[in-house]
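Peer 1: The primary structure of each chain is shown beneath.
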Amino acid sequence: MNKKFKWHWLAIVLAMFLLIFAAACGADEVPDEGGDDDTSEESGEDDSESDSDSDASGEEGEISGELEIQYFVGGYGDSWWKEVIEDFQATYPEVEIVEHAGPNINEEMRSRWVSDDPPDVVYIDGAGSSETQMVEDGQLMNLTDWAQDLELEDGTPLLDSFIAEPSDYDGELFSLPLVFDTWGTWYDAAWFEEGGYEVPSDFDSFMSTMGDLQENEDIEPFVTTGQHPYYMLRGMLYPAFGAAGGNELLEDIITGQEGAWETDEVRQVMENVAAMQEAGYIDGGTGALNHTQSQMNFLLHDNAFIPVGFWLPNEMADDVPEDFEFGFIPSPMNEAGDPMAVVPDLRPLAIAEEADNPEAAKAFVEFVFSEEYALSFSEHTGALMNIEGVDLSESEEVPPYLIEANDLINNESEVYYKPHPMSSDLETPVSDALISLMLGDIDVDEFIERAEEAAADYSGE
Amino acid sequence: MVQPKKQKYIFLAFCLVPTFIMFSIFTLYPMFSGLYFSFFEWSGSSQTREYVGLDNYRRMFNDDIIPRTIYHDYFLVATKVVGIMIMALFIAVALTQLKIKEAPFYRIVFFFPNIMSVVVIGILWTFIYNPNLGLVNSGLEAIGLESWTRPWLGSTTWALPSLVLPSIWAGIGLFMLLLMGGIANISKSNFEAAEIDGASEWQQFWHVTLPLIWPQIKISILYIVITTLNGSFIIVQVMTGGGPDNSTHVMGSYLYQQAFNQYNFGYGATIGVMILALSLITVLLLQFLLRRDKVEY
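Just so you know, the sequences run in chain order A and B. Positions 1 to 461 (our numbering) are the ones given, in order, by the first sequence. Positions 462 to 758 (our numbering) are the ones given, in order, by the second sequence.
Hints may contain errors.
Chain B is nowhere near these chain A residues, computed Cβ spacing over 10 Å in every case [stated by the list, open to error]:
no.: 1; residue: Leu-152
no.: 2; residue: Leu-159
no.: 3; residue: Tyr-197
no.: 4; residue: Glu-335
Stretch by stretch, here's where chain A covers chain B in the computed footprint (C-beta under 8 Å, at least three residues) [claimed, not checked]:
no.: 5; segment: 499–510
no.: 6; segment: 591–604
no.: 7; segment: 615–628
no.: 8; segment: 705–717
no.: 9; segment: 722–733
I should point out that these hints are in silico values taken from the structure, not numbers from a laboratory. We treat Cβ as the ideally placed atom computed from N, Cα and C, and that holds for glycine.
Throw the hints in and build the complete structure from the sequences for me.
Peer 2: Written out as structure tokens, the structure reads:
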């Protein structure tokens, strides 16, 4: 009897187990079909384009319905977004706007993107977001044709008005660069003036200023976050590669071309990094610091130079000592005689391929790109929107460092472009090797070998 | 009165079915999904995924970082087991046997880290280890050991050993209580008899206490091993992010990096399968190694 009882239960348990397993597999087969759909997505894309076209013509351009906007809130805050969205709402009262915003919004919205139910408009910025990955996954709408017709208020085509060109994926356009960010090197202008330190303009003067600082202030002058070594890669090395080998070298590095890291230009740049380490100019604690700690060290004059983007003053606004005055220069990794180099880091606005309301999404994107909002962006965030010819000096609310930096970028530096952001599959191993080089654990040859290996792995994928 | 058979089945079903359903949904389903995803190349953030067979497994066997993560995990397991068990055992014996007046106070103090979130502990210790402002370096400087100061979490050599201290500190309390419970259950007459026979405190500990609380010790060791293999990821993620240069990555943190930072969700799932397999093997091995006849006096 007892035996029979056991078998009975075992049967039930097994049946349930099978049911669950079948359900697990069954549920997963659905997206798999979606994956199959994805191969035919290019034709599907045309469908959606024609759908939206017919919508637009059918309703004579009337924009209504629900519009979901996802935007990351980081160092720039969200006051500018609130203003733009409010104005858009006033212009298009029929549209019901749903905002998805916050510092962790990329993670929070991930399940929506996975289940093919994304928001309509997405501002791609912050941890957990990758434009390259979204394009590879076919999640962003192809804007190549539509963007051709966009114009600013004065009639100039939008595509001709960008400071920096949009990311280019084999000639296709999947996003419009909204924020013109650029990495550069920050210093305390007031401190430098008081101490009589020269603001560097090339690698030699950079080394000599760091030497003076080390001697007089008894500090290791350069700091960056070792927990996120890509700050060093994007902030110091990209401009260095741009200055040494132009757009071509930068593109080879970012796309993982074989031999790019072995070129003489790259070797010289890496020798320069090693020289900084050997001279003791790089903070010994760099490896341990996260970005906030490194920025705090910089504000406290434990260090004098730090590579960060334009968002630094806004991000650290609550911790800035009273007499501190932000100064920004393009990272001085260029050889003497060469112009300083700037490599823009663009934060784009895009429309989801699966947007429920593509018309409203397009209207919003078009609405945002205007000179008016470009100026207000600088006022709100202390950074630049990617629109040319905006006169920042006409506003008193734009911080002085930005006007100065803007001038430096426009007049005294050479701007180099990445084709698109580096894939994290390549950036992570290169960054790992970079931090080891900066800590003095490996030499330039080992670094180059590891970087080449990472590029080969990435290209072979 | 004899219970009718039907009633017995209903009662059993009432006890087992809801638990089993929950277990299936929250444990079996994710486990099999993980196994399933390990056969795909998938970014984890879209619907697009491609069946790649055993490619992820091949990649795992060729990944130089994987052996390092396994070593780091077992380094933490070994140091934590030794550190926690020694500390917890001695504190438990001290608090129960030595008749300290402040025993309840110490019990609370030692248990306190257990009620703190591991994330908070990680952040706290990041400050303690901070190269410029941290307690460790300042303390060393204060006692004239300046040459010993170093960027603990920023050095490829010292970062991993530095994670051991907070892990042990955070773990002692729970096992101390567990062992105290075991010791409290030992009949006083055993100790009295040992004392009459002339056994020293140390001999009493070694020949009476230890054998009688062996079941608790065994459970503690198993528990530390399992929680370390599955959970050391949190402290690594908070304190070092796996760096510098992968010198502190454990299997879990590397899984997280691959799945959520590098968008290789399928590969991440493959690492998950490896963690499961290694945890199972380790636990089975430990069960075998720690087997010992139950002692009763």
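Peer 1: Establish whether the coverage given for the segment 722–733 of chain B by chain A is satisfied; the threshold is a Cβ-Cβ distance below 8 Å, and no fewer than three residues must meet it.
Peer 2: holds (count 4)
Peer 1: Can you confirm whether chain A covers the segment 705–717 of chain B, using C-beta to C-beta distances below 8 Å and requiring at least three such residues?
Peer 2: holds (count 3)
Peer 1: Compute the least Cβ-Cβ separation between Tyr-197 (chain A) and chain B, then decide whether it is above 10 Å.
Peer 2: Label holds. Min Cβ-Cβ 21 Å, cutoff 10 Å.
Peer 1: Using C-beta distances, would you say chain A covers the segment 499–510 of chain B, given that this needs three or more residues below 8 Å?
Peer 2: holds (count 7)
Peer 1: Go check the segment 591–604 of chain B versus chain A for me, would you? Three or more residues, Cβ under 8 Å, otherwise it fails.
Peer 2: holds (count 3)
Peer 1: Examine each Cβ of chain B, and state whether all of them lie more than 10 Å from the Cβ of Leu-159 (chain A).
Peer 2: It holds; Leu-159 (chain A) is separated from chain B by about 27 Å at its closest Cβ, greater than 10 Å.
Peer 1: Is the claim that Glu-335 (chain A) lies outside the interface with chain B correct, judged by CB distances over 10 Å?
Peer 2: Non-interface label on Glu-335 (chain A) holds, nearest chain B Cβ at 28 Å vs cutoff 10 Å.
Peer 1: Check the non-interface label on Leu-152 (chain A): least C-beta distance to chain B beyond 10 Å or not.
Peer 2: Holds: least Cβ distance 33 Å, greater than 10 Å.
Peer 1: Are at least 3 residues of the segment 615–628 of chain B within less than 8 Å of chain A when you compare beta carbons?
Peer 2: Since three or more residues must qualify, the claim that chain A covers the segment 615–628 of chain B holds, with 4 doing so at under 8 Å.
When each numbered hint is compared with the structure, no violation occurs for any of them.
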